[in-house]
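2 protein chains.
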Amino acid sequence: MSQSQSLFVSDEIWTMFEFLHMETVQSFLNEHKQRGSSMDHCYAKLEYMGFRFGQKLIEKFSKERERLKDELEMMKYICKEFWFNIYRKNIDNLRTNHQGVYVLTDNQFRFLRSISSTDQFTAECHPFLAIPCGVLRGALANIGVSASVSSEIVKPPQVKFTVTIDRKT
Amino acid sequence: MSQSQSLFVSDEIWTMFEFLHMETVQSFLNEHKQRGSSMDHCYAKLEYMGFRFGQKLIEKFSKERERLKDELEMMKYICKEFWFNIYRKNIDNLRTNHQGVYVLTDNQFRFLRSISSTDQFTAECHPFLAIPCGVLRGALANIGVSASVSSEIVKPPQVKFTVTIDRKT
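Residue numbers (the working numbering), protein chains in the order written: chain Y, 1 to 169; chain H, 170 to 338.
There's no promise every hint is true.
What the hints assert, rightly or not - Simulated pairs of lysine-lysine, DSS-like, Cα-Cα distance not exceeding 25 Å:
1. H/Lys324 / H/Lys337
2. H/Lys214 / Y/Lys45
3. Y/Lys45 / Y/Lys160
4. Y/Lys60 / Y/Lys89
5. Y/Lys69 / Y/Lys89
6. Y/Lys80 / Y/Lys155
7. Y/Lys168 / Y/Lys76
8. Y/Lys45 / H/Lys202
9. Y/Lys60 / H/Lys225
10. H/Lys214 / Y/Lys33
11. H/Lys214 / H/Lys229
12. Y/Lys76 / Y/Lys160
13. H/Lys232 / H/Lys214
14. H/Lys202 / H/Lys229
15. H/Lys249 / H/Lys329
16. H/Lys225 / H/Lys329
17. Y/Lys56 / Y/Lys33
18. H/Lys329 / Y/Lys33
19. Y/Lys89 / H/Lys337
20. Y/Lys56 / Y/Lys160
21. H/Lys258 / Y/Lys33
22. H/Lys202 / Y/Lys56
23. Y/Lys63 / Y/Lys76
24. H/Lys245 / H/Lys225
Worth flagging that the hints you see were computed from the coordinates, not collected in a lab.
So that you can see chain Y by itself, here it is in the shape it has in the complex (with noise of 0.2 Å):
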C-alpha cells in the first residue's frame, strides 16, 4: 500500500466516525423527541457517553507519554496530541485566566466542517458538541484534572471549549 493510499484509507475511517457520530447524535434526539424528555436531558446523556468515550480515548492514546507535571502541561498535551489524535489537528489557541479557566478554540471543528457558516443552524448544531465536551472532560478527569466543560459555536466550524476546573475549596 503506497503512502497516499493509506492516508486516504485513515480519512475513508475518520469518515467512517464521523458518520456514526452523527448518527448516534440523530438517534438519540429522536429518542428524546418521541419520549417528550428535554434538550437539557438529551444533552446530558450523550455528554456522559463522551466522557465514558473520552476516558477510553486517552487511556488508549497516552501510554506512551511524558509524565504531565502541571495544569497548564496537562491542557497543552490536550491541545496538541489528544486533539491530533483525534481530529488530525491540534487546537488553533489557548488561552488562561491562570486561575482555573481555560478556551480551547478551534478555527476548523472537524464535526462542523459541512456546515454553512451562517447563524442559521448554530442552534442545531449544538447537540453535536455534546459527545466532543464529554470526551474533553473525560480525558482531563482520567489525568486527574476535574473540570466543567461548555462550547460555544462563534460561526461553523469555529468553536470555542471553556474548560474550567473544579477547585476543591
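Starting from the known structure of chain Y, arrange chain H on it as the hints suggest.
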C-alpha cells in the same frame, strides 16, 4: 509520514470508531434499562440507526464502483469492497441457496475480537451486532436490494450474517 506511521494512524482511528460504537450501544442499553423497555425495542432502535449509517457509507464508498448487474454481484461487492472499507477485511465465506438467502461468515468479526471464545458472553454480545446488521440492510437497500438481516454468533469472534431478500409476490 512513513507508510508504517500512516497504517498506525488508520488503526488508531479504527479504534476510535470501535470505542464510539461500543459506547453508543452501551448508552442505548442503559437508557432502555432505565426506562424498562424491552431488549427487542432497543435492538430495533440500534438496527435502524445502523440502517441509516449503512446507507450513508455505501453512498460514500461506492461512488466509483462499476454497475453491478445482478443480485449475486451485489452480494459479492458487499462481501469484498464494502466489508473491507468498514472492517479492513473481507467476508470469509459466502453461501447461498439461490433462492434469495445468503449467509455471510466473518471468522474474525472485528467488533468481537476482544471477546473470549467461550459461550459465556454470547448473549451479551448480541446487541453489538444490531448496528452491523442495520448497516448491511441499509447498504443493500441503497443499491436496490430490499432484505432482512439477522446474525448469529457461532463462536466469538466468528459471526454469521443471514441476508434474506424480500421477494415481491
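Taking the hints in turn, this is what the structure says about them:
Between H/Lys324 and H/Lys337 the alpha-carbon distance is near 34 Å, which puts this suggested pair outside the 25 Å criterion. Of the supplied pair hints, the one linking H/Lys214 and Y/Lys45 holds, its CA atoms being roughly 16 Å apart against a limit of 25 Å. Simply put, Y/Lys45 and Y/Lys160 have alpha-carbon atoms about 21 Å apart, close enough for the 25 Å limit, and the pair holds. Among the hinted pairs, Y/Lys60 with Y/Lys89 is consistent with the structure: their alpha-carbon atoms are about 18 Å apart, no more than 25 Å.
The suggested pairing of Y/Lys69 with Y/Lys89 holds, with an alpha-carbon distance near 24 Å, which does not exceed 25 Å. For the suggested pair Y/Lys80 and Y/Lys155, the alpha carbons sit about 22 Å apart, so the restraint of at most 25 Å is met. At most 25 Å may separate the alpha-carbon atoms for a hinted pair to count; Y/Lys168 and Y/Lys76 meet this at roughly 22 Å. Distance restraint check for Y/Lys45 and H/Lys202: the Cα-Cα separation of roughly 14 Å lies within the 25 Å cut-off, and the hinted pair is therefore satisfied.
Using a Cα cut-off of 25 Å, the hinted pair Y/Lys60 and H/Lys225 is violated, with the two alpha carbons roughly 28 Å apart. Only pairs whose Cα atoms come within 25 Å are accepted, and H/Lys214 paired with Y/Lys33 is accepted, the gap being roughly 14 Å. About 23 Å separates the Cα atoms of H/Lys214 and H/Lys229, which keeps this hinted pair within 25 Å; it holds. Our distance criterion of 25 Å between C-alpha atoms is met by Y/Lys76 and Y/Lys160, whose separation comes to about 15 Å.
This hinted pair does not check out: H/Lys232 and H/Lys214 have alpha carbons roughly 28 Å apart, beyond 25 Å. For a cut-off of 25 Å, the pair hint linking H/Lys202 to H/Lys229 is broken: about 34 Å separates their Cα positions. Of the supplied pair hints, the one linking H/Lys249 and H/Lys329 holds, its CA atoms being roughly 15 Å apart against a limit of 25 Å. Only pairs whose Cα atoms come within 25 Å are accepted, and H/Lys225 paired with H/Lys329 is accepted, the gap being roughly 23 Å.
Under the criterion of a C-alpha separation no larger than 25 Å, the hint pairing Y/Lys56 with Y/Lys33 is inconsistent with the structure, at around 29 Å. Taken as a hint, the H/Lys329 and Y/Lys33 pair is broken in the structure, with Cα atoms around 35 Å apart against an allowance of 25 Å. For the suggested pair Y/Lys89 and H/Lys337, the alpha carbons sit about 50 Å apart, so the restraint of at most 25 Å is broken. For a cut-off of 25 Å, the pair hint linking Y/Lys56 to Y/Lys160 stands: about 23 Å separates their Cα positions.
For the hint pairing H/Lys258 with Y/Lys33, the CA-to-CA distance comes to about 38 Å; that exceeds 25 Å, so the pair is violated. At most 25 Å may separate the alpha-carbon atoms for a hinted pair to count; H/Lys202 and Y/Lys56 meet this at roughly 23 Å. At roughly 17 Å between alpha-carbon atoms, Y/Lys63 and Y/Lys76 fall within 25 Å of each other, so this suggested pair holds. Straight-line distance between C-alpha atoms of H/Lys245 and H/Lys225 comes to about 19 Å, which keeps the hinted pair within the 25 Å bound.
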